[in-house]
Each structure stands twice: as structure tokens, then as C-alpha cells.
Amino acid sequence: MTPYNPFNRNFGTGTRTKAVRPDMKWHELTRAGNIYEPGNANTYETGDWRSIRPVWNKERCIHCLMCWRYCPDASVIAKGGKFETFDYKHCKGCGICAKVCPVNAIDMVPEDEIKKVKEANKDEE
Amino acid sequence: MATLKELSRVEERFVGGHRLCAGCGHGISVRMILNAVEDANVVVGCATGCLEVASTIYPYTAWNCSFIHNAFENAGATISGVEAAYRALKKRGKIDRDFKFIAFGGDGGTYDIGLQSLSGAMERGHNIVYVCLDNGAYMNTGIQRSSATPTGADTTTSPAGKVIPGKQQPRKDLTAIMAAHNISYAAQTAINNWQDVHKKAKKAIEVEGPAFLNVLSPCPRGWRYNTPDIVQITKLAVETRFWPLYEVENGKWKLNYKPKKYVPVEEFLKPQGRFRHLFKPGNEHLIKAIQEEVDSRWLALLERCGETPELPPR
Ligand SMILES: Cc1ncc(C[n+]2csc(CCOP(=O)(O)OP(=O)(O)O)c2C)c(N)n1
Ligand code: SF4
Ligand code: SF4
Ligand code: SF4
Ligand SMILES: [Mg+2]
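Keeping their order, the protein sequence lines are chains A and B. My numbering applies: residue 389 is where the first sequence begins, and numbers increase by one. My numbering applies: residue 9 is where the second sequence begins, and numbers increase by one.
Just so you know, not all the hints are guaranteed correct.
[As the list claims (entries may be wrong)] Dumping the calculated PhoX-like pairs for lysine-lysine here, alpha-carbon to alpha-carbon at most 25 Å:
| id | chain 1 | residue 1 | chain 2 | residue 2 |
| --- | --- | --- | --- | --- |
| 1 | B | Lys-13 | A | Lys-446 |
| 2 | A | Lys-470 | B | Lys-13 |
| 3 | B | Lys-207 | A | Lys-470 |
Think of the hints as simulated: they come from the structure by calculation, not from any bench.
Extracted from the complex, chain A is given alone in its bound form:
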């Protein structure tokens, strides 16, 4: 018999798996709706909610990380104590980071402008 482990108890016949998917059939659902992979919401993208996008200005940034502190969506990625990048897969374009930046190193740019620029660049190629 396997020894009792409070963290590894299967409460019935439901799936006990990390691989939960939105398209699962009812009989594949995990027992009691448990989720076995902490933080798996980061595989769900909320970036398409955004209508304006924060654009980082490297020259102006002083790496104070106020943008990191105040992003509600953990979409300012810091690395080694410095600003690294925006996570556009999750950033909702709320504009808070741009507002709290003490040196105006973040511009909020409408997504359709970004699209236009991208398309123009494509034409040149």
C-alpha cells in the first residue's frame, strides 16, 4: 500500500492531470474542478483586449521598476533587477505603467497605428 500523503490524494475517478484544456469533455474534467498546475492562466492570452500598447523607450529608462510594481497584469518583465520587456501576450493596455513612469519612458501607442507601421514596413521589403 502506498503511504498516506495529504498532497497526493485522488478524490475519486475524475482526471488528475496537469493537462486541463478548455475543450475537455465533461467526463475528462478534474474531480471537484481542481487545477493541478499553479499559474496556468499565463497560457491564456489577454493581450487582444488591448487597444493601446505601451512602448518602451530604452534611452530614457532609468530602471526604477515603478512600471513593474504597478502593472495589474504582471506584464512588465524585470530581469536581474532591470526592465527587460513587456509581455504583450497579457498586457491589457491599461496605461498605468506609462503614468507611473517618472521619466516618461513609456509611450502609449494605439494598436491600429502599430498595425499601420507594420504594414508600411512590409510594403518596403
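Following the hints, position chain B with the ligands against chain A.
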């Protein structure tokens, strides 16, 4: 006090992909508080409300830690039950790791429907932290008034119109009610001052016994201000003394921030759509009454904190 450079190295416990509105204060509050847990193991419980509904939509969870689901009214009971079970298992040698226990609830879930279970949890003395994210209404179900809703605010169940000018009653003072449980730590904080939030979260987590934090956590939808202005609006709540920053440690009251000058409460009310009706001609007396409420609460707080009860210089 740790710097942001240091704090940014702590593992993210509340990840992107949650479905809170763009610019929601709850995302900021929760990230700040869980950041203060540093590398400890943590179990989170959540009362139903925007935070829980938006962060645990099956089959996803935004919680990069253990999380226990429960109902609207019993976050206090649930998290204390988990803590008690943990203690029992630990005593029998079935768990060797150390854990912290944190419950989050909205103002509806905490000031109102969850107050009884929270009071019980605090009185029993569990080693838990309960965090109220106060945005002054039941936002998740469409902005109904709660006992935390400020006097005069327009909500769907205190609608400003011909009959009433917004919410009629003064706010319940929940932080004082929690302090009256003689718990180890009770504090009120606001996200404009991240150092204050961090210090208080850390204290609440480290202290033995029950701790309570009341965090002003703006909702751009319900308050109807310009979404990027969250820090400014929260700062105005503190500067106008609408939301004082203080803590009660082992029965001792301490004011943590004293505004340098008298900022009238209008400054906090004006940028918010929920107070717009108060600025119509003929409604000056309503704002005056709100100011009187703020001033008298401030003086009473100063007295409790052993400070000279006086208003800031104008
Ligand atoms: C017993 C019960 N009554 C009503 C509801 C519906 N409900 C879900 S969330 C919510 C409002 C939550 O308000 P609050 O606690 O202030 O959190 P917020 O959404 O404002 O952050 C309500 C009324 C419920 N889930 N359970
Ligand atoms: S707030 Fe501005 S200066 Fe500070 S790290 Fe972010 S972009 Fe750089
Ligand atoms: S715009 Fe908002 S969501 Fe996007 S990175 Fe800035 S603060 Fe985060
Ligand atoms: S309604 Fe308000 S509290 Fe709820 S998710 Fe939206 S901004 Fe946040
Ligand atoms: Mg609320």
C-alpha cells in the same frame, strides 16, 4: 526596506492571464502583497468577488501557489480551517514544510456578508492574514452599495437621482472593528504608497496570530475615473484623509502618514463619476457634510493614536 530591484527578483505569485478589467486595483494590490511573502510557501483563499471570479476561471488559475476556492461569505472560516488542518498534520509529522495562509475578500465579502466568519477566525486566533480589498461596492455583480461605500456615492442600489443623492449612510469602520478583536496586527493601507503596503504585508505575514489588512483598491469601472490615474486617485484618498494610513499592533494605535496640508475632500471626489452629482449647483451642503464626516473621523483617529487631535494647516 527592500528596493524594487530586490523585490522584482521574487517569484511572481499572481500571473498574467487573469480576467480582471484592464487597470483593476486588485491586480496591483495582490501582486504587492504576495511579493512580500518572498520565498515562503503560501496558501491563498478568496471570497467570491471580482478577484476570485477573474483569477480562477476553470481550467485556469492565475495563482502561482496553493489556492482554495470557497464561497462569498466564508473566506475567514475556510482559511482558518485550512490553517487548523495544517497545524494538526504538522503536529503528527505528516507535513514538514512551513506555510503561510492568506485570505483575500472584497469589501462586500468582508465588511458585509463575510464579517461573521472573519470575526470568528480572528477571535479563535489562527495564524492567518486576512486582506480586504476595498473598492467601496459589490463591483463584480454590477456596483451595488456595501457598508464600505462612501457617503454620497452613486451605485445601482443607492442611485443618485431625484429621490436620493447617492448613498445615505456613513461607511462602516472595519479596520477599527478588526482592531477591537485584539488581534496581533490590524492595518489600513493604500496602493499609492507601495512601501507602506509592503511593510504592512510583511508585518502581517510574519506576526504570530491573526492579522488583518484593509487595502484601498480602486475600481476604474465603479469609481468612473480615468483608468491610468489609479495612483493619483488613491493618493488623493490618503491626502484628503478620506483613507488614513495607520496600524494597530498589539493594541497600540499608530498613524503612519500625516498629510502636510489640508486637502479638501472634493479633490478626491471630483475626478470620479460616482460623485459627479454632488457637484451640481445646490448640492454644496452634501459635500460639506462629507467633509465634516472625514474631519471628525480624522480627529478621532489622531486621538486614538495619541496625537494632538488637529486638522492639517490650510
Ligand atoms: C451568497 C452569495 N450571494 C451573492 C453572490 C453574488 N456575488 C458574487 S461576487 C459579488 C460581489 C462582490 O463584491 P465585493 O466583495 O465587494 O468584491 P468586488 O467584486 O467588489 O471586488 C456578489 C454579490 C454570491 N456569489 N454568493
Ligand atoms: S517606470 Fe519608466 S524608468 Fe522606471 S523602469 Fe519602467 S520604463 Fe524604466
Ligand atoms: S499597459 Fe497596463 S497591463 Fe500593459 S504593461 Fe502597462 S500597466 Fe501592465
Ligand atoms: S469591475 Fe472593478 S473591481 Fe471588478 S475587475 Fe473590473 S475594475 Fe476590477
Ligand atoms: Mg467591492
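For each hint, the structure was consulted:
no. : hint                  : result
1   : B:Lys-13 / A:Lys-446  : holds, 17 Å
2   : A:Lys-470 / B:Lys-13  : holds, 7 Å
3   : B:Lys-207 / A:Lys-470 : holds, 22 Å
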